[in-house]
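Enquirer: Residue strings, one per chain:
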Amino acid sequence: MTASRWSSTRREFLRAVGWGAAGTVAAGGAGVGILIGGRPLTPAAAAPNPEVKLGLAATDGHITLPGRPGDGGLYIFGFIDVPLTQTVAQLSANFKGKAQHVAPILDFKQENDIYLTLTNLGLVGRPDLTDSHTIHWHGFRTPSALFDGVPEVSVAVPIQRQFTYFYRPHNPGTYMYHCHFEDVEHVQMGMTSIVFVRPTQDGSAALDPLGRTTTYAYNDGDGSTAYDRHFAILLNEIEERQHDADEQIQEFIPTDFDPQYFTLNGRVYPQTVLPNGDPALPYQPVSALVQVNPGDRVLLRLANLGYLQHSMQLPGIALKVVGEDAVLRRSPSGVDTSYLTNTLYLGPGEARDVLFTAPPFNPGAPVTTDGQGRTYNTYLFKNRDFRKLSNHGAPGLGGMATEVRVYQGAPLPAQTSVGQTYA
Amino acid sequence: MPAHQKIRSLLVLAVVAAAGILVGTPASAQPVSIDLCVEAGSITLPGGVTANIWGFALAVPDATNQPTCAGVTPHVPGPLLDIAQNDTVRIAVHNDLAEPVSFEAPGEVVNEGAAPVPAHATVAYTFTASAPGTYLYQSAAAAGRQLAMGLYGAMIVRPPTAGRAYGGAGSAYDREAPLVLSAIDPAFNANPGTADIHGYHATYWLINGKAYPDTDPVHGVAAGTRVLLRYLNAGFDNTTMLLLGAHEHVIARDAHELNNPFDAVAETVPAGGTEDAIVTIPAAGTRFALYNRQLHLTNGTPASPNHTPGGMLTFIQVP
Amino acid sequence: MRKLRRLGLVLVLAAATLPFVPAHPAAAAPGALGLVCTDGPAFHLTANTGYIETPDGNSVFMWSYADTGTGAHFQSPGPVLCVNQGETVTVTLHNTLPEPASLVFPGQEGVTATGAAGLLATEAPAGGDATYTFTAGQPGTYVYESGSDPSRQVAMGLYGALIVRPAGHVDYAYDAGTRFSPAQEYLILLSEIDPDLHHAVETGATYDFTQLHNRYFAVNGREFPDTIQDNGVSWLPNQPYGSLVRVKPYDPVRNPLPALIRMANVGELNHPYHPHGNHLRMIAQDGRPLRSPAGADASSEHFAETIGSGQTEDFLFSWTDQDSWDTVANPFPSGANPPSYRNLTFKDENTWFSGSPYLGAKGTLPTTVTSQNLCGEWYFPWHSHALNEFSNFDAGFGGMATLLRVDPASGCTGYPASTKILAGTPRSGAYTALGAADTLSYQVNSTTAGTPAADWYGGFAGIPTGSTNINVTYTGRTCATTASGSTCPAVAAVPTTLSAWNWTTGAWVPLGAAAGVGATDTTISRPVPVAPTSVIGTGANLGQLRVRVQAAGGPANFVTQANLLLITYDAP
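Protein chains in written order, with the working numbering: chain A, 1 to 423; chain B, 1 to 319; chain C, 1 to 572.
Here chain A stands alone, though its shape is the one from the complex:
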């Protein structure tokens, strides 16, 4: 046996050949009926796929929540994006204890080869705790259990070690990722975010019926999912007793779950409307603010990694659900299964791609003027369950709410990144 336990022995190699001879049969071919068969297999790319390499580190940290006076922030586990050029020792020196929540939102393209290197930096606040971590790309149609990130059925990454996950996404849409190690605990502790995949249709100007964008939610073939701006927003909850228990080396019983905070991108209202990277929230850098020009076609990429079902409303603006769980709402026989709604019902682990058209600026409705002299109407995007519009039960609007700001004129330049804010 070689030093590396990975190295294929002759016998492993031979076994794989035996399987491969059979496995290669499974390509192409039509099912008997669309409901009956599996989905068509994506042919292999003719040319090598573009490679995308990213680094994420897992560690701990603290975030800020209202209603917890006097503490040093809420203890979390989380991910943070890190350069691939640094050694593990350098990463530890630079990033240990600096987790962010939500974790970085990942923006990938269909048919790219994605290498996501996870480094487990360990925990500053719990040096006694030696938990491993993983990345589970939630919803990915994974062809190998190795990269599914479930420690019981593949591998986990111990402290000071690295592992590179490999993905070749064939299906555009909105997904999630999270740690699956002790996931009942680690997901609640904050190791959660959104990952989305842009379709290969992107770049086509001809498909957009308005002829002004080249971005689409899906390979719709008809431009029906064209959007001018997009926002990725993760719904979540925080049960502070889990976090405090972890910080204080205590037990928390997961079935006691009864959260006090309800978050969008790791923030509660009014934090949610602060811009990206706001200095008041150093470890909650991702805003949930939706700033749009009138007439913009807006794509909301929504996902829920809390443990509760949420009912979200945007009163006054109709929402069209064009995708669910990273699938275009269109049946195999071509039936349009998209739907208009005012109430997005989103269970844990589910994702929605939602389009709306920003209404005209309405001078007759309440108007706000910001520090740049821009004027806007505000629409609240909020949870319909009043228990989730509070921070720790206190009066006043808090919790799972953010604002859609529709500006007068068209002062906002085009987005250069998902969820871009304009302070």
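Cut-off 25 Å, straight-line C-alpha distance, at most; resulting in silico cross-link-like pairs (SDA-like, lysine to any residue):
{"no.": "1", "chain 1": "A", "residue 1": "Lys53", "chain 2": "A", "residue 2": "Thr87"}
{"no.": "2", "chain 1": "A", "residue 1": "Lys53", "chain 2": "C", "residue 2": "Pro331"}
{"no.": "3", "chain 1": "A", "residue 1": "Lys320", "chain 2": "B", "residue 2": "Asn260"}
{"no.": "4", "chain 1": "A", "residue 1": "Lys320", "chain 2": "C", "residue 2": "Ser292"}
{"no.": "5", "chain 1": "A", "residue 1": "Lys109", "chain 2": "C", "residue 2": "Asp323"}
{"no.": "6", "chain 1": "A", "residue 1": "Lys53", "chain 2": "C", "residue 2": "Asp323"}
{"no.": "7", "chain 1": "A", "residue 1": "Lys320", "chain 2": "B", "residue 2": "His256"}
{"no.": "8", "chain 1": "A", "residue 1": "Lys98", "chain 2": "C", "residue 2": "Asn343"}
{"no.": "9", "chain 1": "A", "residue 1": "Lys53", "chain 2": "C", "residue 2": "Asn337"}
Estimated spans, in silico, between C-beta atoms of each pair:
{"no.": "10", "chain 1": "B", "residue 1": "Ala223", "chain 2": "C", "residue 2": "Glu87", "range": "19 to 27 Å"}
{"no.": "11", "chain 1": "C", "residue 1": "Pro293", "chain 2": "A", "residue 2": "Gly364", "range": "35 to 43 Å"}
{"no.": "12", "chain 1": "B", "residue 1": "Thr64", "chain 2": "A", "residue 2": "Gly295", "range": "42 to 50 Å"}
{"no.": "13", "chain 1": "B", "residue 1": "Pro282", "chain 2": "A", "residue 2": "Ala414", "range": "52 to 60 Å"}
{"no.": "14", "chain 1": "B", "residue 1": "Pro282", "chain 2": "A", "residue 2": "Ala206", "range": "47 to 55 Å"}
{"no.": "15", "chain 1": "B", "residue 1": "Ala162", "chain 2": "C", "residue 2": "Pro293", "range": "17 to 25 Å"}
{"no.": "16", "chain 1": "C", "residue 1": "Ala329", "chain 2": "A", "residue 2": "Ala206", "range": "35 to 43 Å"}
{"no.": "17", "chain 1": "A", "residue 1": "Arg241", "chain 2": "B", "residue 2": "Gln66", "range": "52 to 60 Å"}
{"no.": "18", "chain 1": "C", "residue 1": "Gly31", "chain 2": "A", "residue 2": "Thr214", "range": "51 to 59 Å"}
These aren't lab readings, by the way, just hints derived from the structure by calculation. The model shown is predicted, which means the values in this text are computed figures rather than measured ones. Idealized CB from N, CA, C, for every residue including glycine.
With the hints as your guide, set chains B and C onto chain A.
Expert: Showing chains B and C alone in chain A's frame:
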């Protein structure tokens, strides 16, 4: 205020549910004006238990035929607003509470947006009821605490063709039953301004403001009757209603007709959502139970009167 | 997870998973996996009490429906009632509970009953009976449950599944458009338990239903990891239904039909169910297919689906291998070369992972790790993503979860681990040359006295007890003795016979008639014609299987060049 504004028929919900009154009114260029009062009051729950509520009520004409809120009684849910498609609607909200309220119908584009009604003030909201369907209206102020108190109601926008919920023939019905689903925590309602809402704990589960055995069955159907169930979930909980003895044909959600209607026995209506489903009464059976499948079928605590059976339970029945 | 906690978890997991594979003594009896029907249309149920066991060692008092016909042995959930559309179904309920109980059949029309009048349903009084009659309605998945004080009785466990099949089509969920593989029909019935409620009912104490606080979350009445045990295992005597889902990759020729996943939620909470690995295609709700107004397919795919309380949803499921990664034909890009396992952990030193990134291959795991993997199959969790429900009270990776098992497309594949020559002499090569149809071969010279014969066997090891569908594939050729390198001088074709060693009788079992093998590679593929148990060794020969290749015929001496010898089988 103009003296000759058209006062549309505004009915207490239970009456509609029981009698199935149909009001088909052609659209009018003249604004339909509705005066809603926001009042503090109380609700009587099974066994005579009472709880504080805040509710909407219809204003009444005073001696000079001007709307007044003097002496009106608030209800949970508020009055059913019955609107014709393409009506221009003006809703004046008279707030008799000591805190701001608002008027919000999530599926309607209200010209005044989310403007609040200050305490003891009146604000008029206007919108065009451009699409038919089942809408919830509510006060969105105070971070939803006013929803816990009961400030919500049903609004029906009717298409030009009488006897249809929407434009399509598939929405034709013979009887309708608005079903406003909600819940009450009497302890919270005793102290809505400052109570810790994390400790909110509903103990009464209501259909049209009533818990079983006080709920009003839908009487008088016969085999073949198409009963339109207009679910409006005004509560905080995503609520699954179970129908025994028949399937319901779900034709719309949130006042949007479905591209692909489907049949259901147990349907979840999310908090704040509405859903329209048509039950064609089968040839067999005379009594069809409709109840909360989260099994909120008790009233109060075990010490409360009429503790069980109770809660969110009613019937559709032939006689 | 805190260290103290983890220690406890190791013990629990080890104990719970121990019986999973190699220690599992039972053969893959029919019905070990998948839906277990109690066939109608006449049923006799008894409402009674009993206990279920939870993986953390708890025991919970339950109410349920038992099959009166099998002695009313307590089981949770109640029997899966299977009927055909249009049949007249009668269900007689005998109630041994201390209060009136009943049955309702949501989704069925025209249920008539004899018994005592109740609020929602005709009831069987305590100690009494009621009988329910209806005509089985449209095909689909339904539930039955108590209509008496449901917030108490349903929570106590009075529920079960009702399956209505289209008459004459066990392979249709609804119609030809929803055809599935009948061997892959699964029930996933979701429920919850608040042990305080159950204790209160057991002891006659008052319980406030508004304080309901569930601690256990079940699939088919079991909590993970008990959920992945076979149906009817002896150590879960009152919880007969497992929920391990087992499929092979979608293949348009060999495996075109999907599995059918019938999901039903009899709990009082809505549950978000998350399948790892591939999406589920939702085709129906509450026993009605999802179709457009014109009748076209209006199904949709989901990687998580919240199923409402009291709802049923049907899903078709095919696991599609998106990339068909293969060490030779389609290897992972070099950048995806996995690192050394020295740098990784295997949780609790116990894994279902094969050690290889390739389906159907087994890698080498650290010696300290216990592997539950048989032959390179994949496992993916399917679980509630309300992760507080992915727990057994206070321990994660439990509760409302099961596993998806994806077997290699051709089943498991075995290669010789040894060879032995019975007649003839070794020429070149070793057993390792038999692993692939390549340029390497295992070569045996024929005997030179009498009729020339080259007679040898390949020994296979590690074949799990209970394996089935054993097939043997041999590829080889016969060359003149002047063969050298890759040349194979022609000789007359030599009759070649395959056989397998029968450990029970101590004799070779021919695998069909002899086939002539000449100077070009010839493949012989044959099933083992006797019971698999007789050719897989036990005791000192545990897991051993021998395949004999016997080439015999004149006139000239010859060389057997064996290129490939493999077996495929379905592991238990």
